[in-house]
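Single-letter residue listing:
There are 2 protein chains.
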Amino acid sequence: MATTGFHVAVVGATGAVGQQMLRTLETKDFPIKKLTLLSSSRSAGTVLKFKDEDIVVMEAKPESFEGVDIALFSAGGNISKLFAKEAVKRGAIVIDNTSAFRMDPEVPLVVPEVNEEDLKSHNGIIANPNCSTIQMVVALEPIRKAYGLDKVIVSTYQAVSGAGAAAIAELHNQTHSIIKGESFNPEILPVKGDKKHYQIAFNAVPQIDKFEENGYTFEEMKMINETKKIMHMPELKVAATCVRLPVETGHSESVYFEVQHESIEVEDIRSLLRDADGVTLQDNPKEQLYPMPAYAVGKSDVFVGRIRKDLDEDKGFHMWVVSDNLLKGAAWNSVQIAESLVKLGLVK
Amino acid sequence: MATTGFHVAVVGATGAVGQQMLRTLETKDFPIKKLTLLSSSRSAGTVLKFKDEDIVVMEAKPESFEGVDIALFSAGGNISKLFAKEAVKRGAIVIDNTSAFRMDPEVPLVVPEVNEEDLKSHNGIIANPNCSTIQMVVALEPIRKAYGLDKVIVSTYQAVSGAGAAAIAELHNQTHSIIKGESFNPEILPVKGDKKHYQIAFNAVPQIDKFEENGYTFEEMKMINETKKIMHMPELKVAATCVRLPVETGHSESVYFEVQHESIEVEDIRSLLRDADGVTLQDNPKEQLYPMPAYAVGKSDVFVGRIRKDLDEDKGFHMWVVSDNLLKGAAWNSVQIAESLVKLGLVK
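The listed protein sequences derive, respectively, from chains V and B.
Residue 140 in UniProt numbering is what sits at position 140 of the first sequence, and the numbering runs on without skipping anything.
Residue 314 in UniProt numbering is what sits at position 314 of the second sequence, and the numbering runs on without skipping anything.
Hint data in this document are derived by calculation from the structure and do not stem from the laboratory.
Be aware that a few hints might be false.
For chains that are exact copies, the list does not tell them apart, and a pair is met inside one copy or across any two.
Keeping only pairs whose Cα atoms sit at most 30 Å apart, straight-line, the calculated DSS-like set for lysine-lysine is [what the hints assert, rightly or not]:
(1) 145 with 196
(2) 299 with 192
(3) 196 with 299
(4) 151 with 286
So that you can see chain V by itself, here it is in the shape it has in the complex:
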């Protein structure tokens, strides 16, 4: 731990994303003078390593946030609703990785490559978008800026780690059972709190989060609404179908989009994305170069490939977008927001 820097709290430190937050704070060398690790009472007492130091995880309480500069929340929406305002009251800036405040008009929803400026209007809480939204807007923003954007239709291929550590364990255990010819009982996926559970190993499940009244899932509506908010485009047409796959980490997306300018070619889009912040272009069909989740794990960037012009619509294009959902989709985007806050002089 450094002697200068910030007092950072991580809420939900023992979870799948919390673990990645610790690793990301280490690898990106965020300036930390004190690190407080918090969790529910259930996980309190766990000892976690940070830069070779042992830190005991404490149960989150309102008083836990005394003196904290930046609090990274990732312990579920209910914990955020309970404690985020308590933390703000005590002078912390909260970067919340749950859906609790994302659509609150008072709360900026930020992907630094897209709308870093929105941080300036924060009122103590900043929301980190949904994982599947983040990687898509990082790829779309340079295109919107250069050529305008009218319409997006996305089908996702999402990893189980988005549903937490228990879902990862379920994929492993089921895969084991199926290979050994043993029976098994789905208990977590597709949605922990929902009525029915289905096999995920060697399957594709078209449900992420619960269903809304309109037949879309919450995950699909998150992609639709968050994209419009982050890009400041309430008029943008966005449609989403979200599907869970037997992949541990790494979300993929098949994205169709229509630009506003005419006669744009694939090479124009490639040039933009080759130089875009946070994007690695992997797009060479001749060399079978395209992004894949198994090869994106552990990397911070959003990988884009398979860019093609639609064969019927002059303004239509297709692309394939892959990223580590625990990093750019969660931990890294949160730490990046913290970095932007420091850079913009927004942390006291």
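Using the hints, position chain B against chain V.
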């Protein structure tokens, strides 16, 4: 074997689809008086069971088709190109499951629920469409008939069995290796004859078949071109992104489509598909009822669910289409074509 019925030949009897053809001929009780099983020289000599009878697989030669009424080909495009016309010359009707003749204007490309009538114009060879195309057009045709169809954008979630028995083995072996923490060397997928091979277990690979010059894969172009041909709609806008998953059998598709009529509602589409030939509607979000590949294996039907109206386009809808790629996508559609030929009196 019955004393009346037809002399049927199965070419490629030892392959993943060939095996399913034998099982389908059994379960659908197709009228067979003689069954000839053929293969390349490599697999000749294998003994296969059909209705408790042992049949020795013979090497395919032009003479093998003497006296054959119906020849079901599924041994790769090269074998079809070599022998289909030889079979026709000897009086057989060929039902070809490869891509060899699909886009030949002289060859009907048939999905019986959609364009059975096209069989009447056959010249000896009938092509069975690509697996991913078949299940999509079965779901789209009732919609087209009732409300017209302008546009289709599909993203696929395809099983490895579409790439043959070696690809199934590769998925199994890799999964084993990864679980045990052992190293492995991808050798088959995504495309056996292509330069590079990638991990398929716990991954998603956006390449099925080789790339064309335009950046689309052959699989994607098959879906685009075959859909137009089967539905007799050269003007239909179709776009496809095809992705291979760690699923053994069962293709899934996220399909966006635009109808021509105005003010159609989800319940209108559901009503149509509830009564459609070859379709099982599984669509009740409240009960988490939707199709999934792991639960569609071994079934003949095309399963449709997740039907939603697009939130921006009055004429736009989304649906999720699943089917057993070895059955309706291959063996069952081929046998169904044979049944239609018999029903229409087209077999001598």
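Quick rundown of the hints versus the structure:
{"no.": "1", "hint": "145 with 196", "in the structure": "neither (43 Å within a copy, 35 Å between copies)"}
{"no.": "2", "hint": "299 with 192", "in the structure": "both (28 Å within a copy, 29 Å between copies)"}
{"no.": "3", "hint": "196 with 299", "in the structure": "between (34 Å within a copy, 22 Å between copies)"}
{"no.": "4", "hint": "151 with 286", "in the structure": "both (29 Å within a copy, 29 Å between copies)"}
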